[in-house]
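As they're listed, the protein sequences go chains A and B. Heads up: the first sequence runs through residues 1 to 502, numbered per the working numbering. Heads up: the second sequence runs through residues 1 to 507, numbered per the working numbering.
Bear in mind the hints are in silico, worked out from the structure with no lab data behind them. Worth double-checking, as some hints may not be accurate.
With a Cα cut of at most 25 angstroms, we get these calculated SDA-like pairs of lysine to any residue [unchecked claim]: (1) B:Lys83 x A:Ala246; (2) A:Lys389 x B:Pro284; (3) B:Lys486 x B:Gly409; (4) A:Lys386 x B:Asp104; (5) A:Lys337 x B:Ser33; (6) A:Lys365 x A:Leu267; (7) A:Lys337 x B:Lys83; (8) B:Lys274 x A:Ala331; (9) A:Lys337 x B:Gly409; (10) B:Lys83 x B:Ile100; (11) A:Lys337 x B:Asp205; (12) B:Lys274 x A:Lys337; (13) A:Lys337 x B:Leu138; (14) A:Lys337 x B:Asp104; (15) B:Lys225 x B:Gly260; (16) B:Lys221 x B:Asp205; (17) B:Lys83 x A:Arg304; (18) A:Lys365 x B:Leu94; (19) B:Lys83 x A:Leu393; (20) B:Lys83 x A:Ala331.
Okay, the calculated bits of chain B under chain A, using three or more residues with CB under 8 angstroms as the criterion [what the hints assert, rightly or not]: (21) 39-53; (22) 475-485.
Anything over 10 angstroms on all C-beta distances counts as not near chain A; from chain B, calculated [stated by the list, open to error]: (23) Ser150; (24) Glu163; (25) Ile190; (26) Arg203; (27) Gly219; (28) Ala220; (29) Lys274; (30) Pro286; (31) Asp287; (32) Leu308; (33) Arg315; (34) Ala388; (35) Glu407; (36) Arg408; (37) Ala460.
Quick reminder that beta carbons are idealized off the backbone N, C-alpha and C, glycines included.
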Amino acid sequence: MADGADPTPGALLDAPVHEQACALRAGAVTARALAEATLARVRAQEPALHAYITLTPELALAAAEAADQRLRRGDAAPLTGIPIAVKDLLSTCDAETTAGSAMLRGFRPIVDCTVVARLRAAGAVMVGKANLDEFAMGSSTEYSAYGSTRNPWDLERVPGGSSGGSAATVAAGGVPLALGTDTGGSIRQPAALCGILGLKPTYGRVSRFGVIAFASSLEQVGPFARDAEDLGLLLGAIAGHDPLDATTAPLPVPDYTADLARGIEGLRVGVPRELLGEGLEPGVREAVEAALAQLAALGARIDRDVSLPSVGASLPVYYLIAPSEASANLARYDGVKYGYSAHDGPGMWDDMEQTRDRGFGDEVKRRIMIGTYALSAGYYDAYYLKAQKVRTLIRREFEAALATHDLLLTPTTPGVAFRLGEKLGDPLAMYLSDLFTLPVNIAGLPAASIPCGFAEGLPVGMQLIGRAFEESTILRAAHAYATVTDWHLRRPGAVAAAAMPS
Amino acid sequence: MAATGTGTGYEAVIGLEVHAQLRTRSKMFCSCSAAYFDAPPNSHVCAVCFGMPGMLPVINSRAVDATILAGLALGSTIPPRSKFDRKNYPYPDLMKGYQISQYDEPLCVGGGLDIEVDGVPHHVRLERIHLEEDTARLLHRNAPHGEAYSLLDVNRSGVPLMEVVSAPDMRSAAQAVAYLRKLRLTLRYIDVSDADMEKGSFRCDANVSLRPLGAERLGAKVEIKNMNSFRAVQRAIEFEIERQGALLDAGARVDQETRGYIDATGATVSQRSKEEAHDYRYFPEPDLPPLTISTERVARLRAQLPELPDARRVRFERQYGLAPADARLLTEARAQADGYEEAVALALTAVGGAPAGVDAAHATARAVAHWFTGDVARLLHGEGGERALADTRLSPAHIAELATLVERGAITLTTGKEVLELAFASGERPAAIVEARGLGQLRDEVEIDRVARAVIAAQAKAVADYRGGKPSALQFLVGQLMRELKGRADATAAAEVFRRHLDGLPP
Chain A
1 MADGADPTPG ALLDAPVHEQ ACALRAGAVT ARALAEATLA RVRAQEPALH
51 AYITLTPELA LAAAEAADQR LRRGDAAPLT GIPIAVKDLL STCDAETTAG
101 SAMLRGFRPI VDCTVVARLR AAGAVMVGKA NLDEFAMGSS TEYSAYGSTR
151 NPWDLERVPG GSSGGSAATV AAGGVPLALG TDTGGSIRQP AALCGILGLK
201 PTYGRVSRFG VIAFASSLEQ VGPFARDAED LGLLLGAIAG HDPLDATTAP
251 LPVPDYTADL ARGIEGLRVG VPRELLGEGL EPGVREAVEA ALAQLAALGA
301 RIDRDVSLPS VGASLPVYYL IAPSEASANL ARYDGVKYGY SAHDGPGMWD
351 DMEQTRDRGF GDEVKRRIMI GTYALSAGYY DAYYLKAQKV RTLIRREFEA
401 ALATHDLLLT PTTPGVAFRL GEKLGDPLAM YLSDLFTLPV NIAGLPAASI
451 PCGFAEGLPV GMQLIGRAFE ESTILRAAHA YATVTDWHLR RPGAVAAAAM
501 PS
Chain B
1 MAATGTGTGY EAVIGLEVHA QLRTRSKMFC SCSAAYFDAP PNSHVCAVCF
51 GMPGMLPVIN SRAVDATILA GLALGSTIPP RSKFDRKNYP YPDLMKGYQI
101 SQYDEPLCVG GGLDIEVDGV PHHVRLERIH LEEDTARLLH RNAPHGEAYS
151 LLDVNRSGVP LMEVVSAPDM RSAAQAVAYL RKLRLTLRYI DVSDADMEKG
201 SFRCDANVSL RPLGAERLGA KVEIKNMNSF RAVQRAIEFE IERQGALLDA
251 GARVDQETRG YIDATGATVS QRSKEEAHDY RYFPEPDLPP LTISTERVAR
301 LRAQLPELPD ARRVRFERQY GLAPADARLL TEARAQADGY EEAVALALTA
351 VGGAPAGVDA AHATARAVAH WFTGDVARLL HGEGGERALA DTRLSPAHIA
401 ELATLVERGA ITLTTGKEVL ELAFASGERP AAIVEARGLG QLRDEVEIDR
451 VARAVIAAQA KAVADYRGGK PSALQFLVGQ LMRELKGRAD ATAAAEVFRR
501 HLDGLPP
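Okay, chain A solo, but in the shape it has when bound (with noise of 0.2 angstroms):
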């Protein structure tokens, strides 16, 4: 927002979080006030969007509130009264957590995760819990028990997923900023499909501690934003070493917007030709290639003769780690402690049995089954130990292509967002649209999809990958993409449309 620009809130809801702090520190709106104009606009949304699965109004309130006393004592932090969406995988003590699933339906954690610990802490103000597929097993958000979420450029298509709830919302103007996962593109594609910005960070980065687990080694939390600026504000406020996650790394935290406007002359852009072949729809294709062009204008040299001669294999090595940890993971859900407990047949074994059955979904299921057979005495050496080996392949593999780049370039998905129910029937079909950012998840690595485009009148997005734990060469890549085009102001229509009143 320039100088001089309409500070109401109902102007401030469209602005980066950058200016919204602005505005917030200057006096010009209060928390409060920002609050209810985005708690007012999500509501309305929300019929045709159903980004959320539970909106927190007294909660949203009660923290803006919060955030007003420290903005006036001024000790305000970047995100101190900012409106945020956060996925229903993470647990929050005050407020339901459901994974998506009719397994957790009414399950209050009795902790919060690390991360909305953080943000709390640095005054973030939570609407509600965004939309996801069940237990962020899924690429549409249609697996979700709540009902499906739709995409604001067309409600007859899907936002992507798992993190469907969260982009949607972002991308449809009702929050600024909102938290995903990403276990195999679950921030990437919806960001792709919706149009916005989403990190998955490195391996390590970001806590998991209080993320209902799906697959350990593979997912992590990460922002979605509509600039680089906000996402680099959100994961700074997440990013970092927690005592109650080993496998965070104990690296400090950089300030991920201090290096956004360096610009990326000379910066090294790997283009790897197995992540830009076949499969691809034609109109994704051409924006990634002009996004290309873009960047060379830029100054970036783009280097076309880069290979990962095993990425091939992400799609079978991440369905088998992937269940294999998901059918320990989801393992608790047994009708005993908490969650969905079927008590009416004769005995215990089956109770539990019942529990899972209709606790968990078609797609839940069919993991935890191909997890346990992958797992099971005489398959494990055939499938989770190759599986592993040619994991430790594909990460080598990434780490040559990365000493001598500084990025890697693919386009986050191989098409634009499909029809509600077009790829239901056929699991595969939407294993498939998660092809290019599998391979990332696999290596550890850190990326984000950047809107580079459209086609068929909807969003195209371009993976930016880096080394682990140079998240801020992505963001600067990103931010300089920014200044020349203009892909990530574009806002949808369709939500707005549907909302109004007829």
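With chain A held as given, fit chain B onto it using these hints.
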């Protein structure tokens, strides 16, 4: 070693898996107190050990240290890298649906224990020692009208457990029990576990198979569970050897299975066949990075190791001139051995600074040892169960003082025993008791002679027996005199008085 009474042509092959709870303050993967015993149900529970969604384990490094310490005490190798794995099986007492354990990279590898049965030494090798978490406890109840239900106590969930896996190196139930006793002793010495079978902090599963004498190949292995005492282990293994021997004698096959021991009958019963065995689907725990165990850490722990029972026993024999049996008894608990050494040091000082020589010092040390292994042990193991010296009013100083009083001749041995009882009851110092009660040794020869003559007059039959060639009658007469004098006379001197009277004078 022939193993069975039924068929004598078999050799039993026994391996033991022992789970020992570690005496850490907090649990294995969270900061809850690990002291669950006797705690109100579900009072030591948090989101982590309750297995709430999204919770993550953080390794208790004290538990890792304790396990390495055990490995060092048992001669294991400590690999530089170790990792945790998930062991998957569904059960309501397993809060996460998997147990965090160690599969193929345990903290300790190899090692062994020297045991002895009937004076025959035997070495039992260890396969490994690994670290894992305990489960919650299910308490099975019946409602007033008979409906069965179960209660869940999560206090024990996540308590650190060390599993010590032996090689199949034992050949008899007696060896198995000797191994367990030695393992318990060692773990208690290094203070990593209470190792109390009754309290469940020391649990044992036994793998038992039989093979024809001289055969190399192992027979079908039967795992026995649910043995809650050393006696149960002994009986269960003996039963199993009999059972398998009878099967083989009859030309039948021994099935590989899991059997439970029933204490009331002393028998084992089938619990789970090989086909029903769990597939635990182990895989590396993704929530915990592999552990790197530095040589510095191992060296620091090695330096913490106390003198171990075998070394201490040998030193006791050499330094204090003790008989092997006494040295063994005294070193059977670290606190007792410490108490003994403290008492010896005090006694040697009391007897007069540096003693006259090695023999004199050994005599003092032996005298103290006899108090410890005799009357003191009897008091400690008396009514009220087993107690340690520290749990009573007696201290090593009491025992040193008592031994000194007797050695100096200030009181008789008989009086000493009485003084010990009084000190045990009141905590008073032996010298004070002797002083207050006038128990000092009677040296008045006229008085002793007078009482001796009275005894002779009153005990005509014993006198006649003695004169008729029964020397044991003399002991009886001395006993009568002692009773009269409340044990304050010197027994040898009293016997001499009787001999003088009875041998010298005609009837």
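Status of the hints after comparison with the structure:
Among the hinted pairs, Lys83 of chain B with Ala246 of chain A is consistent with the structure: their alpha-carbon atoms are about 13 angstroms apart, no more than 25 angstroms. For the suggested pair Lys389 of chain A and Pro284 of chain B, the alpha carbons sit about 13 angstroms apart, so the restraint of at most 25 angstroms is met. For the proposed pair Lys486 of chain B and Gly409 of chain B, the alpha carbon gap of about 16 angstroms is at most 25 angstroms, so the pair holds. With a CA separation close to 17 angstroms, the supplied pair Lys386 of chain A and Asp104 of chain B stays within the 25 angstroms bound.
Of the pairs offered as hints, the one joining Lys337 of chain A and Ser33 of chain B holds, with about 21 angstroms between alpha carbons and a cut-off of 25 angstroms not exceeded. At most 25 angstroms may separate the alpha-carbon atoms for a hinted pair to count; Lys365 of chain A and Leu267 of chain A exceed this at roughly 45 angstroms. Between the alpha carbons of Lys337 of chain A and Lys83 of chain B the distance comes to roughly 29 angstroms, so the proposed pair goes past 25 angstroms and is violated. Of the supplied pair hints, the one linking Lys274 of chain B and Ala331 of chain A holds, its CA atoms being roughly 24 angstroms apart against a limit of 25 angstroms.
Taken as a hint, the Lys337 of chain A and Gly409 of chain B pair is broken in the structure, with Cα atoms around 71 angstroms apart against an allowance of 25 angstroms. Taken as a hint, the Lys83 of chain B and Ile100 of chain B pair is honoured in the structure, with Cα atoms around 10 angstroms apart against an allowance of 25 angstroms. Proposed proximity of Lys337 of chain A and Asp205 of chain B is contradicted: the alpha carbons are some 29 angstroms apart, above 25 angstroms. The suggested pairing of Lys274 of chain B with Lys337 of chain A is violated, with an alpha-carbon distance near 31 angstroms, which exceeds 25 angstroms.
Between Lys337 of chain A and Leu138 of chain B the CA atoms are separated by roughly 13 angstroms; this keeps the pair inside 25 angstroms, and the hint holds. At most 25 angstroms may separate the alpha-carbon atoms for a hinted pair to count; Lys337 of chain A and Asp104 of chain B exceed this at roughly 31 angstroms. With a C-alpha separation of about 5 angstroms, the suggested pair Lys225 of chain B and Gly260 of chain B falls inside the 25 angstroms cut-off, and the hint holds. Restraint check for Lys221 of chain B and Asp205 of chain B: satisfied, since their Cα atoms lie roughly 12 angstroms apart, inside the 25 angstroms limit.
In summary, the hint linking Lys83 of chain B to Arg304 of chain A is not supported, as the alpha carbons are separated by about 40 angstroms, beyond the 25 angstroms threshold. Note on Lys365 of chain A and Leu94 of chain B: the hinted pairing holds, with a Cα-Cα distance of about 21 angstroms set against a maximum of 25 angstroms. Annotation: proposed proximity of Lys83 of chain B to Leu393 of chain A holds, straight-line Cα distance about 21 angstroms (limit 25 angstroms). The straight-line distance between the Cα atoms of Lys83 of chain B and Ala331 of chain A is roughly 21 angstroms, inside the 25 angstroms bound, and the hint therefore holds.
Given as covered by chain A, the region 39-53 of chain B passes the check, having 5 residues with a CB less than 8 angstroms from a CB of that chain where 3 are the minimum. Evaluation of the coverage hint for the region 475-485 of chain B: breached, as 0 residues show C-beta separations to chain A shorter than 8 angstroms, against a requirement of three. Distance check on Ser150 of chain B: its Cβ comes as close as 8 angstroms (rounded) to a Cβ of chain A, failing to clear the 10 angstroms threshold; non-interface status is violated. Every CB of chain A lies more than 10 angstroms from the CB of Glu163 of chain B, the least distance being 20 angstroms, so the non-interface label holds.
Every C-beta of chain A lies more than 10 angstroms from that of Ile190 of chain B, the closest at about 27 angstroms, which supports listing it as non-interface. The non-interface label for Arg203 of chain B is consistent with chain A: the shortest C-beta to C-beta separation is roughly 24 angstroms, beyond 10 angstroms. Consistency note on Gly219 of chain B: stated as away from chain A, and its beta-carbon is indeed over 10 angstroms from all of that chain's, at 23 angstroms minimum. Non-interface status of Ala220 of chain B relative to chain A is upheld: no Cβ of that chain comes within 10 angstroms, the nearest being about 19 angstroms off.
Non-interface status of Lys274 of chain B relative to chain A is upheld: no Cβ of that chain comes within 10 angstroms, the nearest being about 12 angstroms off. For Pro286 of chain B, the non-interface assignment is contradicted: its Cβ lies about 4 angstroms from the closest Cβ of chain A, within the 10 angstroms cut-off. The Cβ of Asp287 of chain B does not lie farther than 10 angstroms from every Cβ of chain A; its closest approach is about 5 angstroms, which violates its non-interface assignment. Residue placement check: Leu308 of chain B keeps its beta carbon more than 10 angstroms from all beta carbons of chain A (closest about 33 angstroms).
The beta carbon of Arg315 of chain B is kept farther than 10 angstroms from every beta carbon of chain A, the shortest such distance being approximately 43 angstroms. The claim that Ala388 of chain B is not at the interface with chain A holds, since no C-beta of that chain comes within 10 angstroms of its own (minimum 38 angstroms). With a least beta-carbon separation of about 60 angstroms from chain A, Glu407 of chain B lies farther than 10 angstroms from that chain, consistent with its non-interface assignment. With 10 angstroms as the threshold on Cβ separation, the claim that Arg408 of chain B sits away from chain A holds: the shortest Cβ distance comes to roughly 63 angstroms.
Interface exclusion of Ala460 of chain B from chain A stands, the closest Cβ pair being 81 angstroms apart, more than 10 angstroms.
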